[in-house]
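Single-letter residue listing:
Number of protein chains: 2
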Amino acid sequence: MSQGYIVAVVGATGAVGQKIIEKLVERNFPYSTLKLLASKNSAGKQVEVNGTSYTIEEATPDSFEGVDVAFFSAGGAISKALAKEASNRGAIVIDNTSAFRMDKDTPLVVPEVNKQALHEQKGIIANPNCSTIQMVCALEPIRQHYGLNKVIVSTYQAVSGAGAAAIQELTVQSEAIQEKNPEPQILPVKSAEKHYPIAGNVIPQIDVFETDGFTFEEHKMMNETKKIMSMPELSIAATCVRVPVVTGHSESVYIEVDKENVTLNDIKEVLSSAKGITVQDKPEQQHYPMPYFAEDKDDVFVGRIRKDPSSDKGFHMWIVSDNLLKGAALNSIQIAEALIEEGILKEV
Amino acid sequence: MSQGYIVAVVGATGAVGQKIIEKLVERNFPYSTLKLLASKNSAGKQVEVNGTSYTIEEATPDSFEGVDVAFFSAGGAISKALAKEASNRGAIVIDNTSAFRMDKDTPLVVPEVNKQALHEQKGIIANPNCSTIQMVCALEPIRQHYGLNKVIVSTYQAVSGAGAAAIQELTVQSEAIQEKNPEPQILPVKSAEKHYPIAGNVIPQIDVFETDGFTFEEHKMMNETKKIMSMPELSIAATCVRVPVVTGHSESVYIEVDKENVTLNDIKEVLSSAKGITVQDKPEQQHYPMPYFAEDKDDVFVGRIRKDPSSDKGFHMWIVSDNLLKGAALNSIQIAEALIEEGILKEV
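Protein chains in written order, with the UniProt record's numbering: chain A, 1 to 348; chain B, 1 to 348.
These are calculated hints, taken from the structure and not from any lab test.
Wrong hints could be hidden among the right ones.
A pair holds if it fits inside one copy or across any two, identical chains being indistinguishable in the list.
Stated by the list, open to error - Below, computed lysine-lysine pairings styled on DSS-like, alpha-carbon distance capped at 27 Å:
(1) 282 / 194
(2) 194 / 307
(3) 194 / 297
(4) 282 / 190
(5) 194 / 268
Take these sequences, add in the hints, and give me the full structure.
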């Protein structure tokens, strides 16, 4: 184990941090040392990883001395405070918060889509928002073959995207669903003035509202998609909705391609041969993606692919993925793996 | 009470039938006699309505002798077997199944949208599908003022649309949600080969699939909207999805209007002054429609109204309504009330 990278995980006790550690082990990521970092509150906790016991340390600037790769998933404030400290000390930061995603010096990367952007990194690479990642995985192969003009997406997002407290809130409310007396405190946004029940409900607000009536989550989907796909002029609009599902985001997506005479089979074939995508689309066998069955799976699942009844260039599809894996932890690890493949992280 | 109509309710023990009876009383519908009809299985049951006890009778052709108005909500097979029997005996049938909706001799009516179509009735009037009704209520005032070119809708439909057994299935699964061992038997479609859990899941199938990959539910939304709005050429596409919510359908709707330079305020004003619509759209106060709060309310709730970021004529909105009320029972009663107002049902 002496040959390998020194890897730090910031937010090691969180839902995404835990998945990052799981995936580092599962994918045999070549680490020699693992530094598990978190807030002061969690410091001192013992965590077992692949048979070895680790003590969680408080994340401070000096934690990153000698670190090769640092995964951040402890919230935007921690990333803003510490990501540059880490990169100044020579670590490449893979940041899973929104802190740097739209920063022009920070590549925003989904390896299947824009791995080449990694070469422009200046120490920090941003992992896109969960709902964006799964969508661009499906859009990119279509764009490469047939062009892309317009995207309209409505999401069905799981509560785990809002953290462990939100999962707990749904669980408690689900158990009390008949009594109808939940006391919501977390969703839609912990810091917001009003909270609404999620069990037996759907909430058309994820994150805070901006002045144009779109939420920050919707802006993330629209802006990040343009940036990842290098399509600043893409016509794209999102409606993001929280549903009472623990894990697995679903998306109803309408697209218009550029080229004429593209058939349903063209779209299905392009998606079937794309990396990281599993097409589940046999309606006659009721075969289509669902979050219940996508949990703990790495792929992005695409189905219900249909030609629009009136627009020759329009298609509809249904995209589901585990928001904690491809939507977060897995994509972060894949970024690190791509840094090695591309020779940006020097072999040790 | 001798002055009034003889009213029959077929399917009086079902979820919609019960709501029809409730609304007949609540709205003081002028009935003199109420005949509560159902299948042989339910015959003999006692039901109390507004202080009077009624015995459920088996629905047979002869049940409709002397009946003025018959509300049908006992499934398409019963409507196909008995609706014409009822109308042949002089009753006006208001049918809440899909049996006659696309029949060219049967008006398909949402009173706020196409009350005038009632004058073409030949004994049977169809009540549209729940998900269609709430959408056309919002689309029609916009169409009247600004024209309508394109509609793309993704639904978040409640399980009560699939009947009492589906509600029970969600309840049982919600209570056992942590164990992850539900045994689905009803959803997505009782008669289908495969059944999937709905608690902690979303199912992108409502009703059966047709050869073009769209479901029958999606075809209903597309075809019924064109018929109700008399817009056979309208570009419309639907993706219909079941979510773990008991009552209240939600819809994420994208539209393109005809006229140029229509503002967000224009759309909001037109909707605010439309009958049967309540605009809930103050994002800064987290004020928007949700199914949890729409239950047992008569109106169609519209919010999250936004201008599309790239299409000058494009707008997004979020529409929620109680699928058992405006989506079913209430609209049926409103059709009967309109028949009186229009002089089609003669005053007694």
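>> When Cα atoms must be at most 27 Å apart, do residue 194 and residue 268 count as within-copy, between-copy, both, or neither?
In response: Between copies only: 23 Å across chains, 43 Å inside a chain, cut-off 27 Å.
>> When Cα atoms must be at most 27 Å apart, do residue 282 and residue 190 count as within-copy, between-copy, both, or neither?
In response: Cα proximity of residue 282 and residue 190: across copies only (19 Å, versus 40 Å in one copy).
> Quick one: residue 194 to residue 307, C-alpha cut-off 27 Å, is that within a copy, between copies, both, or neither?
Replying inline: between (40 Å within a copy, 25 Å between copies)
>> If the cut is 27 Å between Cα atoms, do residue 194 and residue 297 qualify within a copy, between copies, both or neither?
In response: Intra 34 Å, inter 21 Å, cutoff 27 Å: inter-copy only.
> Between the shortest in-copy and the shortest cross-copy C-alpha distance, which are at most 27 Å for residue 282 and residue 194: within, between, both, or neither?
Replying inline: between (42 Å within a copy, 13 Å between copies)
In summary, the structure agrees with every hint in the numbered list given earlier.
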